[in-house]
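Visitor: Assemble the complex: chain A is given as a structure, and chains B, C and D must be docked to it using the hints.
Residue numbers (my numbering), protein chains in the order written: chain A, 72 to 444; chain B, 72 to 444; chain C, 72 to 444; chain D, 72 to 444.
Honestly, the hints are just simulated from the structure, not real lab data.
Treat the hints with caution; some may be incorrect.
One copy or two, it doesn't matter: identical chains are merged, so the pair holds either way.
[Said to hold, decoys possible] Straight-line alpha carbon distances no greater than 30 Å define the calculated BS3-like cross-link-like pairs of lysine-lysine that follow:
| hint | residue 1 | residue 2 |
| --- | --- | --- |
| 1 | Lys-442 | Lys-307 |
| 2 | Lys-129 | Lys-102 |
| 3 | Lys-287 | Lys-185 |
Treat the numbers as computed from the prediction; the structure is a model and nothing was measured.
Spelled out, the chains give:
There are 4 protein chains.
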Amino acid sequence: MSKNPDGKQIKVGILGATGTVGQRFLTLLAKHPWFTIHVLGASSRSAGKPYAQAVMWKQTTPIPSVVRDMIVQECYPQHFAECAIIFSGLDADAAGDIESAFRSADLAIFSNAKNYRRDPSVPLIVPLVNDSHLSIIPQQQSLHNPPLKKGFIVTNANCSTTGYVIPLRALEKAFGPIESCLVTTMQAISGAGYPGVSSLDIIDNIVPYISGEEEKMEWETLKILGGVADGDDGTKTFDMHARHPLRVSASCNRVPVIDGHTMCVSVRFQQRPPPSPQQVREALVAYTPEAQSIGCPSVPVHAIFVHEEPDRPQPRLDRYYQDGAGVSVGRVRQCPVLDIKFVVLANNVSIGAATSSIINAELAVLKGVVKVE
Amino acid sequence: MSKNPDGKQIKVGILGATGTVGQRFLTLLAKHPWFTIHVLGASSRSAGKPYAQAVMWKQTTPIPSVVRDMIVQECYPQHFAECAIIFSGLDADAAGDIESAFRSADLAIFSNAKNYRRDPSVPLIVPLVNDSHLSIIPQQQSLHNPPLKKGFIVTNANCSTTGYVIPLRALEKAFGPIESCLVTTMQAISGAGYPGVSSLDIIDNIVPYISGEEEKMEWETLKILGGVADGDDGTKTFDMHARHPLRVSASCNRVPVIDGHTMCVSVRFQQRPPPSPQQVREALVAYTPEAQSIGCPSVPVHAIFVHEEPDRPQPRLDRYYQDGAGVSVGRVRQCPVLDIKFVVLANNVSIGAATSSIINAELAVLKGVVKVE
Amino acid sequence: MSKNPDGKQIKVGILGATGTVGQRFLTLLAKHPWFTIHVLGASSRSAGKPYAQAVMWKQTTPIPSVVRDMIVQECYPQHFAECAIIFSGLDADAAGDIESAFRSADLAIFSNAKNYRRDPSVPLIVPLVNDSHLSIIPQQQSLHNPPLKKGFIVTNANCSTTGYVIPLRALEKAFGPIESCLVTTMQAISGAGYPGVSSLDIIDNIVPYISGEEEKMEWETLKILGGVADGDDGTKTFDMHARHPLRVSASCNRVPVIDGHTMCVSVRFQQRPPPSPQQVREALVAYTPEAQSIGCPSVPVHAIFVHEEPDRPQPRLDRYYQDGAGVSVGRVRQCPVLDIKFVVLANNVSIGAATSSIINAELAVLKGVVKVE
Amino acid sequence: MSKNPDGKQIKVGILGATGTVGQRFLTLLAKHPWFTIHVLGASSRSAGKPYAQAVMWKQTTPIPSVVRDMIVQECYPQHFAECAIIFSGLDADAAGDIESAFRSADLAIFSNAKNYRRDPSVPLIVPLVNDSHLSIIPQQQSLHNPPLKKGFIVTNANCSTTGYVIPLRALEKAFGPIESCLVTTMQAISGAGYPGVSSLDIIDNIVPYISGEEEKMEWETLKILGGVADGDDGTKTFDMHARHPLRVSASCNRVPVIDGHTMCVSVRFQQRPPPSPQQVREALVAYTPEAQSIGCPSVPVHAIFVHEEPDRPQPRLDRYYQDGAGVSVGRVRQCPVLDIKFVVLANNVSIGAATSSIINAELAVLKGVVKVE
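Chain A on its own, in the form it takes in the complex:
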């Protein structure tokens, strides 16, 4: 088992604990080597009830015994004061105010919600890609009056963005800037939450549109793959990949798949001639993000697993590999229009959601950004 530097259990709270993402958080945290589930937060409708009564449990494993009888709390900071880390699985309509209030109460929040992703002082971190963006946290804390000592918000990316920026990052590390990227997604229904997509809309069907998703992918990619620039006055800003402008075109589709977003990706490199498919394959296999080298316990052995079979990855067969914490890439080949094309599969409820938040928190602990007493 990985070692927590302090050898102590770290108390964590979950906001939105009864929702889809919340259920996934509980499932993963119940067996986490460092983190101890201490408080469950949900809406006033659920508050006061034992968790097993408050939740409509939709996971394929039973409710973890450790939380079955835990009494659900309302999402007020005072109930979470003892938690070193707060995971938020709140919906966007609730997350804005609640996460802000929690940060003001000097609590450290790792959020799945989209509300603060575009905030210029909030890092948007895909844990296998840009944990270096944690360096903006002191600036975020200093903007508060009085400055925060422990509180901050870290967001993780949209589930579709998360999956494909991991191989993009591996390619940029190996071959330099990507100039343009065209991605077509086939996204699982679980990405829309519960009840989410009506069965009448998706059985024997494709919906070639997901509201706001293409804009999110096109924008988030730039923030994540870009760097943090230091201004003359000491302030830090996200550079949005500005030194090497990157054009991203996303087409997002909903498909009748339970879990796992499949994406067809074509990229053009700045470097001429571009790398060969074999070089790309090797670079993907060799990619070792810092979260692996630093020892995050929830990180998979293979950040990127590269398939050699012509017909993989497939969501039903490959989405649970490594508990969904890595991504699968296959069909690396030349693109007659851009340079290289390939298929990516990412488990949207694992690396695309709760698992990302948890690894982000692990990174923050190991880097001392979260203060564990």
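Guide: Using the frame of chain A, we list chains B, C and D on its own:
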């Protein structure tokens, strides 16, 4: 009802009448204003039986009464001598020899099979696009020894190619050559025939690979959108869009949809600046192929129907519009990497298969390529 | 075309016109030989808008042109005063009050909602089964103060009840009372309306429970298959099959099928020895309900279509036969526990919903229960 | 970890190792505490190849590393001579001859195939129900000339039979003989093997027929729930529940579910008055088969898990509970026609197939029927 120039019924035969495409041919031809089903051909296993006993009928409408008791014949030319037109729904492993033998017997074949699509004297015709390629037929006939009088082979394209070349043709007609095209398909299971795709491979799944399909789309597009060049010696050749080289990149996926191929298409025009999304929309709506103006009875009113709703077309809702004889386009918008992107839906068993062959035959009748006595 | 006795068009209104059942009503009524769509009623949210803007259209055929621009009205009786017939596709939470108010305004309502099905003066009519129950209408009208002249409510049955009582009625007509009946349903998602069943609950899944459905099937069957008893004081009552008590046991399941409820039915007859499977098959084929002999235009040619193939009926292949207005029965065979077992398929959105209401209205016109001026 | 009485590893071979059931065997055996995979047998087409090359692996976990490079053998007894136990996942068309040859070579076979299930000297064992039938093995061995010392065939039941006889056995143990049982199944596609059911036959569909399945369920139930009768001459015979004749009526349907057979079951007891639903629930929970008390390592903690929620069990949520080794029961309630009805869910590829064979082998080891040296 459309008028056959001769006012006569035209006798037609169907090869592969018990297969998936054959069943679709029968369903359409049983109510055709010009064509009379005269002979049904199938393998020796079916020959000699009444059609209703020979077939495993899988259509949602009953077997047309006119063919229920028709005795199935083996696929020998002598059984089809009275037919002015032969429609072939044969599988590729049988089509090569049989279609060749039928042509040698001076019969006119309209084929769905892939075997002769790359033959330099065989036209590959999408009826709403390049019926002008029928002009190569005399050359095809002259290559036979002795030259054929009535026999020839006309092929139609792969079901996924068919759908997206229709809007591409409309765009080239309005705005000049397309320089590059990137297409990602989400193809229905019926495209693989019966039994075709195992349910274990596709329920709750995507298969990001269809053997040979990407190569077909990339190659067939050039033949179809290209012209027919006249050589100095009077010979004709397909120019494969050579004067304006066109790069096509296809990524083909199988999805759990019964009928209807959905495609995300991005194009870059040679013309700078490129047309706006609104201009593209108008050009698609305005597109009137010759098959419409010349009066083919199976042609739809709208060759291309353009949706304004943000989430259309969808296969389940839109695939049966106009009996599947047109295509649906939606989400016309700018592409940050190429110029314009949009979504196409084509019914792979209608315009993508049997309907195309039938309209091709109608065109050949109206243009006098098929000799009706 | 069937002849309306008066040779006049009959004006009809639709309550809940934007809902799932309402959309089906419009699709059917737009091509009806007698009925003219005159008013569309929906909630205040939709009122005042042209229908095409108010509705989220989910049918596979386009919005009928005759209603596209019709302005939607609120569901107040004054807007419907000119309508001889009102079809109600309202949800249960709205139907109670609105239908009552409409009846009080002396309007004739044919309702899909469950609210008045158990009312002892309201007939619950499956049009191919018990149109004789229309005889209770005068009593229903007389209960109002002052007595109604034209107004009444006729309900049709739950979509799953409707399908299987048709063959049960055919069997009772041929062989006398059924003593017990055990039915297990596999019900389509469209039976739950829109958005209805979450895709996360039903893709790759079965839900072995539909709230209230088993009770409805067990109770409604008795009312429908029972007769109308005349009391000494001239009052009429539904006898609930009381002279020959009938025990019904229903097990209801939701399955990932778009349209079409499939049911496995076992029955035990009072008559000993019971009929053979062949006798049962013949009785089902021979069944001719009054709605056929009296000339209702929406009645199918085959009230019950009996399949001989061992693996039919199947919802995807058979649900649209005869536009879904009949039922399909297959696999008639001996039951080792009761007497006879078979499989029934009924299209829940056609004969199981809107089509039933429409045929009920046709029956009421032909029998003079609806007063057409 | 459970203790093998001898503390030794037991070498096992798998016949049909590349098939669907074979893959499941390997997945389970690779982590088994007693059994060591020693030989893999498959057809001549696969023989000579490393397993990873010979197989089209379709499991959601990777190929166990211990078998990846194992060279596949043809199914000849000499290759399996060192194996104390042979598991057979062969198809029925191959199983008859091969299993017979293996038994003649004095090998102990635990088979999933149907070929010998009806053999009067071969036990048909559902491990949580009738392991007592192992007592017929000596008689089976004595029928061979010369008598076998170690060889025999033990079969397990059809996947649908297996699931529902477990609760039936629990009920008979608690309340005495069941008189009649009516079961309607909704069976997963994986029960038909690979490629098995065509996707065109089952997406958005139900097939109300599985060839031979109803007969199997009706017959196998009697053999399994019946006892072993001792004749005057010392011979043993399966009594087929003869002292209390049991009538079973099965209706079998294929549904679009990947794994997990759901069954609606109604039973009538001999005992009057019958037990209440609550008594039935308690009896199911209390049921402890011998395989649990004797210490089989692959037996689940809950042979029967009883759900209290009204809408459970559901295949997608409950099929992997306890690795699919138990069964789930829900909705225990009164049946208006028979006595009690309930829903059963059994994982057809686990307890319904490979897991049953493995527990049968564990039982045979613990009872000394398999001779471990």
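Visitor: So, for every hint listed, does it hold in this structure?
Guide: Checked hints:
1. Lys-442 with Lys-307: For Lys-442 and Lys-307, the Cα distance is within 30 Å only inside one copy (22 Å; across copies 74 Å).
2. Lys-129 with Lys-102: both (18 Å within a copy, 28 Å between copies)
3. Lys-287 with Lys-185: within (9 Å within a copy, 41 Å between copies)
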